[in-house]
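> Going by the UniProt record's numbering, 348 is the number at position 348 of the sequence shown; the sequence numbering is gapless.
Since the hints were made in silico from the structure, they are not lab data.
It should be emphasised that the depicted structure is a prediction, and the values quoted were computed from it without experimental measurement.
Incorrect hints may have been included.
What the hints assert, rightly or not - The following label-pair restraints were derived from C-beta to C-beta distances:
#1 K58 x A33: 14 to 24 Å
#2 L236 x P79: 52 to 62 Å
#3 H205 x S344: 38 to 48 Å
#4 S345 x K237: 38 to 48 Å
#5 Q56 x G217: 18 to 28 Å
#6 Y287 x F17: 43 to 53 Å
#7 S39 x A312: 22 to 32 Å
#8 R241 x D351: 47 to 57 Å
#9 D342 x G256: 39 to 49 Å
Here a beta-carbon is modelled for each residue, glycine too, at the ideal position from N, C-alpha and C.
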Amino acid sequence: SNTMPDKTHNCDDKMPFPEMVLLSGLSGTGKSALAQNLSSIVNTTKNLFVSGKFDQEKQSEPYTAFMSAFNRLCEITAPTQNLRTDLSEHSSILAIQSSLCSSIGSESALLTEIIPKLSLFFDNQEITTTNNKSADMGYETAKNKFNFLLRQFVRAFCREKTLVLFLDDLQWADVASLELLETLVLDRNNPGLLIIGSYRDNEVHDKNHPLTRCLHGINAQNNEIISSIPLQNLDLKTVNRFIADLLNATADKTVGLADIVHKKTHGNIFAVIHFLKNIEDEGILSYCIGLLKWKWNEDEIRSKTSVTDNVADILKSKINKKLSAEERRVLQVASCLGGTFDSSSVFSVMDKLCSKEKTIGAKSEQIGSRIWSDLQPNKK
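Full structure from sequences and hints, please.
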């Protein structure tokens, strides 16, 4: 099968039918990072790249990852957001708007229920004049209607550009999303759609898992659509190259350190990065300004660190070390809100909890703000 670079470099040429690339591997093997880094390759005037992530806490909510991706798609292509683009790009955007209006215009009110940003392509009168709401339909009717309209929605963009859609954590996708995925990937009338999906293969080992059934269904109808790229932990040689590059040293100088890191992390790239950060924080790995190079004590690293290839354990240890009990309480509340949330929701819940427990009270927003500042920029 084609490699990921082959797929993305071919984006500038229309594909004859949708394609799907599956990235599988354990947590921390770099699936999400690989896909997101492709956005810089894919994002040209001919292509669009958007992404959405499924959330373990929101599996009962349909289309969550698609909603996130499609809302972003509308934001970056809406005519009102692209007034300064060149003539050819502006023409392409107007063509997308025209296609959306002709294919789903009369049903725009229904689709804006799950893609609010679609309203950027329609005036308010066009949306409010239709009374056809999903609440008035039965579940199957509404689902089939949504899938039909979403297929039309995606086609409108793919007629003008190649669309690369990244869906993260497919192991947590709801059934409605998987049915939509199958609908989009098997749409032979939609050239120019490339879907990249990632999932944790250790959580999808059952043949009755919804994702397994979905992929089998796609392959049963066309076994040439899906390409699979399994990602594994890194071997010692690769870890050594990574560390040598990171520390601006030669590979022969870092091989001893790399051997320790590899044994401690089993080559999990997420664990490798955090292991190096931890030993730097503890002063075991440090930069010597006088020598203009990094220095470390291998015996000290061996004795003072433990095996740490479990991503959850790494984060747990870091949270316990870095945050106070009050700050951890804020994170506990935030974790109940899913993978994405806004600070006002967290502060509102904290204030109610604090008023009942008479604990940190008005300090909740101050504590939360400290955590938020630590998470910015480019972190969630």
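> Determine which of the earlier numbered hints do not hold for this structure and return their numbers in increasing order.
Of the numbered hints given earlier, the structure breaks none, since each of them holds.
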